[in-house]
Every structure is written in structure tokens, then in C-alpha cells.
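Spelled out from the first residue to the last, the chains are:
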Amino acid sequence: MAKILFVEDDPLIIKIYSTRLKADGYEVFSAENGEEGLKVAQELHPDLVVLDVMMPRLDGFAVLERLRKTDEFAKKPIIMYSNLNNEEEMARAQQMGVTEFIVKANLSPTQFIEKIKQYIGSS
Amino acid sequence: MNVLARIARNLSRSNPSAAGNEPGSAEAVWRLEKVILDTLDFNVVVQKVVDSVLTELGYLQLGYRIVVLALIDEDSQTLRRVSISQTAEARKALEVTPVPFKDIVIPFTETDNQCIKVMKENRPYITHDWFDILRPCYSKEDARQVQTIVGIKTSMVYPVTYHGKTQGVMIFSLVKSESEIMEREKEIIRNFTDIVGLAVQHSKLYTTLDNTTKKLKELNDKLQSANTQLQELDKLKDEFVSLASHELRTPMTAIRGSLSTILEGYAGDISPQSKEFLTAAYNENDRLIRLVNNLLNISRIEAGRMNFAFQTLNLEEIISEVITNLQNVAKEKGLNLTYIREGPIPQVEADPDKVREVMINIIGNALKFTHKGGVTVRTKFDGRSVTTSITDTGSGIAKEDQDLLFKKFSQVQKTNYARPQGGTGLGLYICKIMVEGMRGKIWIESTLGVGSTFYFSLPISD
Numbered sequence: 001m002a003k004i005l006f007v008e009d010d011p012l013i014i015k016i017y018s019t020r021l022k023a024d025g026y027e028v029f030s031a032e033n034g035e036e037g038l039k040v041a042q043e044l045h046p047d048l049v050v051l052d053v054m055m056p057r058l059d060g061f062a063v064l065e066r067l068r069k070t071d072e073f074a075k076k077p078i079i080m081y082s083n084l085n086n087e088e089e090m091a092r093a094q095q096m097g098v099t100e101f102i103v104k105a106n107l108s109p110t111q112f113i114e115k116i117k118q119y120i121g122s123s
Numbered sequence: 001m002n003v004l005a006r007i008a009r010n011l012s013r014s015n016p017s018a019a020g021n022e023p024g025s026a027e028a029v030w031r032l033e034k035v036i037l038d039t040l041d042f043n044v045v046v047q048k049v050v051d052s053v054l055t056e057l058g059y060l061q062l063g064y065r066i067v068v069l070a071l072i073d074e075d076s077q078t079l080r081r082v083s084i085s086q087t088a089e090a091r092k093a094l095e096v097t098p099v100p101f102k103d104i105v106i107p108f109t110e111t112d113n114q115c116i117k118v119m120k121e122n123r124p125y126i127t128h129d130w131f132d133i134l135r136p137c138y139s140k141e142d143a144r145q146v147q148t149i150v151g152i153k154t155s156m157v158y159p160v161t162y163h164g165k166t167q168g169v170m171i172f173s174l175v176k177s178e179s180e181i182m183e184r185e186k187e188i189i190r191n192f193t194d195i196v197g198l199a200v201q202h203s204k205l206y207t208t209l210d211n212t213t214k215k216l217k218e219l220n221d222k223l224q225s226a227n228t229q230l231q232e233l234d235k236l237k238d239e240f241v242s243l244a245s246h247e248l249r250t251p252m253t254a255i256r257g258s259l260s261t262i263l264e265g266y267a268g269d270i271s272p273q274s275k276e277f278l279t280a281a282y283n284e285n286d287r288l289i290r291l292v293n294n295l296l297n298i299s300r301i302e303a304g305r306m307n308f309a310f311q312t313l314n315l316e317e318i319i320s321e322v323i324t325n326l327q328n329v330a331k332e333k334g335l336n337l338t339y340i341r342e343g344p345i346p347q348v349e350a351d352p353d354k355v356r357e358v359m360i361n362i363i364g365n366a367l368k369f370t371h372k373g374g375v376t377v378r379t380k381f382d383g384r385s386v387t388t389s390i391t392d393t394g395s396g397i398a399k400e401d402q403d404l405l406f407k408k409f410s411q412v413q414k415t416n417y418a419r420p421q422g423g424t425g426l427g428l429y430i431c432k433i434m435v436e437g438m439r440g441k442i443w444i445e446s447t448l449g450v451g452s453t454f455y456f457s458l459p460i461s462d
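Residue numbers (the UniProt record's numbering), protein chains in the order written: chain W, 1 to 123; chain X, 1 to 462.
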């Protein structure tokens, strides 16, 4: 069973996505800030990480940077998403090796779930 | 300086012993030239001109006491006194004058005034009576009285010219009689007044230029600080828009997520009626998201920060994604939304997010303004670019309105197209900026009562 980690400080967003992903047979974990996200990622070895950009403690960029430096997450899919005015952010994330940067408002939840499946295959 | 050289030559020829501090000596003339021509500020020049005749040239020793420069004022068509020498006699005259010095202004029409005559005829004039040169500002009696108090016996008026054009006159008032004036003195004065014309003209030009430069610099400084302020404001505005859009889009995406979770049955069964209302809520919320996206796009365009992340992409993937996304809007209105591929379609070089926004805008519009029939999306490859067309069976757009469509805040009223049914009038403007930014083209063909087709082409990847 493929494991997905959401690092996201909004519990509603986590609930929306995890409801669907769990129904589709994925195992979903969450962490509510960057620091916790780093810890959970290294303990639970998810197959894919979804990172919010603006978070307390460590922001998405810092988490991305640190994860990419580890052997385990050097190549695993890491998706970042944000609702900011984000062309600069997008460029920055791409430089730091993000797998895909998604503007939340541009994709419906269904499309977002499709994206995730595209990277780790169906459960 | 030709004139001065000539004076100097004449002087040395007629008076070989003239040298040093002797009045009118060659050296004195050179000194005079230096004093006057070294200065460029107009106010300083006009004062030096009258003083230096007496000091540098040494004419005080020859009985010259008051020197006055009067210049033409073209605007008021008058001759105005601009400077007077700083001698005891001049000070006395200024004390007792019935008319303040600066107010001694003679209109060109006063042809009895000898200054005006000199100016017009360009010929010097000698008089024993100040009334001749001060009328009508002074009465005959005033002129006689003041002249007596100051002790002036003779006055000479010389024209001041530059390139043959009269600039004004110089008035020399002496405590000696006309018979005591030497020809050589007059000759030097005549030549000197030519220098005065030159110096006055140059300083006028320079001072005008200098003032203009100063004003320009001030203006430039002001513009620069205004510009800095504007840039700061622009940055603030940008930050505000960015933050506001984040704050708006976050709840809207949460609403969309919640509604779609319910609508797709992840939260249990819902009645058909609930589904209808929830679908409406979902679609309206989506419209809000698009609106905020468009406002954000506009602010990027205005700030010149619309950037494109080009990549090789499969257009059909985006089309089917957008169509899937908008399918429920179509269904709700009872419209068909279909995609037809006309032949094989190669990959294009474009920014996927921008392409998606363009499609959502155009297809969304088409659905909004079509009430019967449907919307058909087609793609076609012509050898160089891929053209996507979106055809609707809506009311069509009048010819005169078609050009307005792609303008900012376009309000196509004639065909009841844009505003009356909601929307900002920004969507197609943004589409145009985006498509053109991706080296593509966007256009429309439409017939009233039949429907419209929007086209946009994108170049293929090499």
C-alpha cells in the first residue's frame, strides 16, 4: 500500500485529501508543520510527500531542501502546493528539485489526486 | 576679440605712449574685456558693464560720473534701465529722483525721448538736458533739478547692438562739457558698446540656459523621487494583491475541496436535490476562484511580471483535463461539451498553467453565453503551429464588438455578451496577453445569431 505524507497546517485540507485517498486505498499521514514533517518523513518512509509552502516553524522550502539532501528522499516524488502569487516561488521550488509545483486554485481536488496517482501509481 | 583688437591697435597707433593705468590705454581695454567677458551671469554682467567703464577703463578720471545701461523689453515694447554705476553722483541721483530707478521705463512710442531715437536710428546722441533722455518719466523741471544737484553737464547716449540688432542703450553722464570730450574717448566708447552688446546677449543666453538647466534638474529630482515613491507603492500593491489572493484562494479551495468530496460520494449518499444545490455552490465557488486568478493575472501583467515557464507539452492532455473539469457546468445547462481532434497533433512549446488558464477562460465563456446546443473544442496542426478552436452555438458577436473583446475591461454591450451576464471583462484580455506571450495568436470569427469560434494557435516544439 503506497504511503503519502501531507505536510500542511490546515486540517481541513488534510481531511479533504485524505478522505479521498484513503477511499482509493492509500495510506495517508500528516504533519502540521515543517519540523514535524521532516521527523515523520524519516520515521514512516512515505512514497510521496505533499508540502505546503507557508507553514509555522520550517516552511515548505526548508523542508524540501533538507529532504532532498537525504539519501531516502533524494529522488522520491515531492509535490509542493501553494495559493500565493507564486511565479517566483515556483521557480525557486524548481531550482531546489521539486517534482511538481501546484497552485491549489488551479486544480480541482480530483485533478490533484490524479497528479498524485501519476507519480506513485494506483494503490 | 576683433573689436578689442582693433581698439588696441588704434590706440597704440594714435597714442604710442598709452600704457598702464592711463584712461583708455590698450591695457585698460584688455582688462575691460576680461572683466566683462569672463562673467556669464546676466545680473553681474550688466552691473560690471556700467562700473568697469569708470574703473577698469579709467574714465572716472576723464569726468565720466554716471553710466546707465537700459535694455529693450520686447514683451512690453519698452526700454528699461537695468543697471547704474556705483559712484557718489549716481547714489545722489538715486536719492533725489522723483521716480525710482527701475521705474524709469520708456515706451517705444515716446519718440521724443532721445534714448528711443538712438535705439531706433542706431546713432549716438549728445545732450546737455536730462529731460531729453528721461521724458516722460521726469518732468522738464524735475530733470533740470536733479541734473543740477548731481552736477552733470553733458550726457551721451550710445546704442548697444548685437549682430546689427539693437539691444538697448548706454547713457554716459559727465561733469564736463561737450567741447572737452576727445574724439578718442568717443571711439573707445563706441567700440566698447559693441562688446557690451555681445556680453549682454551671451549672458542672457547663458542665464536662460542656466535657469533652464536648474529647473530641469529640480524637475528631474522631483520626478525621480516621485518615481521612487511610485515604485514603492507598486511593490506594496503587489504584495497586497499577492497576500489578498492567498487569503481569498485558501478558503475558496477549501470550499471546493469539501464540496467535491461530498459531490463525489466520499462523505456518504446525498439526495438528488442536495446534489443540485451543492453543484451550484461548487460552480459558483469555481467562478470566484477564476475571478481572483484573473485579478492576480492583471496585477502581474500591470507590474510587467507575467513570466512564462516554457516546456514541451501535450495540448490534448490539458484540453481533456479542462473539459472534464467543466463538464458538470455544461451538464447543468444541458449543453454538450465535446473535443474533436482533426488529425495528429504534435507537442507544443508553451507554459502549461497559462494554456490551462486560457482554455478555462475561453471554454468557460463559451458555456456561459450559450443556452442551447453546445461547445466544441477542436485542435488542428498546420505544419508550424497547433490551432485550438472553441466553437459555441451562442448568440454571436457583432463585427464592431469583436475588436473590443480582447481589450481590458471590454464591455461588449451591443451583443449583450460580456458584462450583463457577470464577469469582469478581463478574461479575454488576459488570454490575449498570455497567448501572445507564448508566441501564439488569438482571434475570433463570429456570426450574429449563429455562434462564435475563438481560435488560438501555439508554436510546436522544435
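Honestly, the hints are just simulated from the structure, not real lab data. Fair warning: there could be bad hints in the mix.
[To be verified] Pairwise CB distance ranges, derived in the manner of DEER restraints:
no. : chain 1 : residue 1 : chain 2 : residue 2 : range
1   : W       : K69       : X       : K275      : 43 to 49 Å
2   : W       : I120      : X       : E445      : 43 to 49 Å
3   : W       : E65       : X       : F310      : 24 to 30 Å
4   : W       : G121      : X       : A303      : 39 to 45 Å
5   : W       : I120      : X       : L448      : 47 to 53 Å
6   : X       : Q229      : W       : E65       : 35 to 41 Å
7   : W       : G25       : X       : E332      : 26 to 32 Å
8   : W       : Q94       : X       : L448      : 22 to 28 Å
9   : X       : D382      : W       : R57       : 50 to 56 Å
10  : X       : T213      : W       : K69       : 55 to 61 Å
[To be verified] Simulated crosslink set (DSBU-like; lysine-lysine; CA at most 35 Å straight-line):
no. : chain 1 : residue 1 : chain 2 : residue 2
11  : W       : K115      : X       : K408
12  : W       : K15       : X       : K399
13  : X       : K333      : W       : K22
14  : W       : K115      : X       : K237
15  : X       : K432      : W       : K117
16  : W       : K117      : X       : K333
17  : W       : K22       : X       : K331
18  : W       : K115      : X       : K441
19  : X       : K372      : W       : K115
20  : W       : K15       : X       : K237
21  : W       : K15       : X       : K441
22  : W       : K15       : X       : K368
23  : W       : K117      : X       : K331
24  : W       : K117      : X       : K275
25  : X       : K399      : W       : K115
26  : X       : K432      : X       : K399
27  : X       : K441      : W       : K75
Built from N, CA and C at the ideal position, the CB exists for glycine as well.
Hint numbers not upheld by this structure, sorted from lowest to highest: When the structure is compared with the hints, numbers 8, 12, 21, 25, 27 turn out to be violated.
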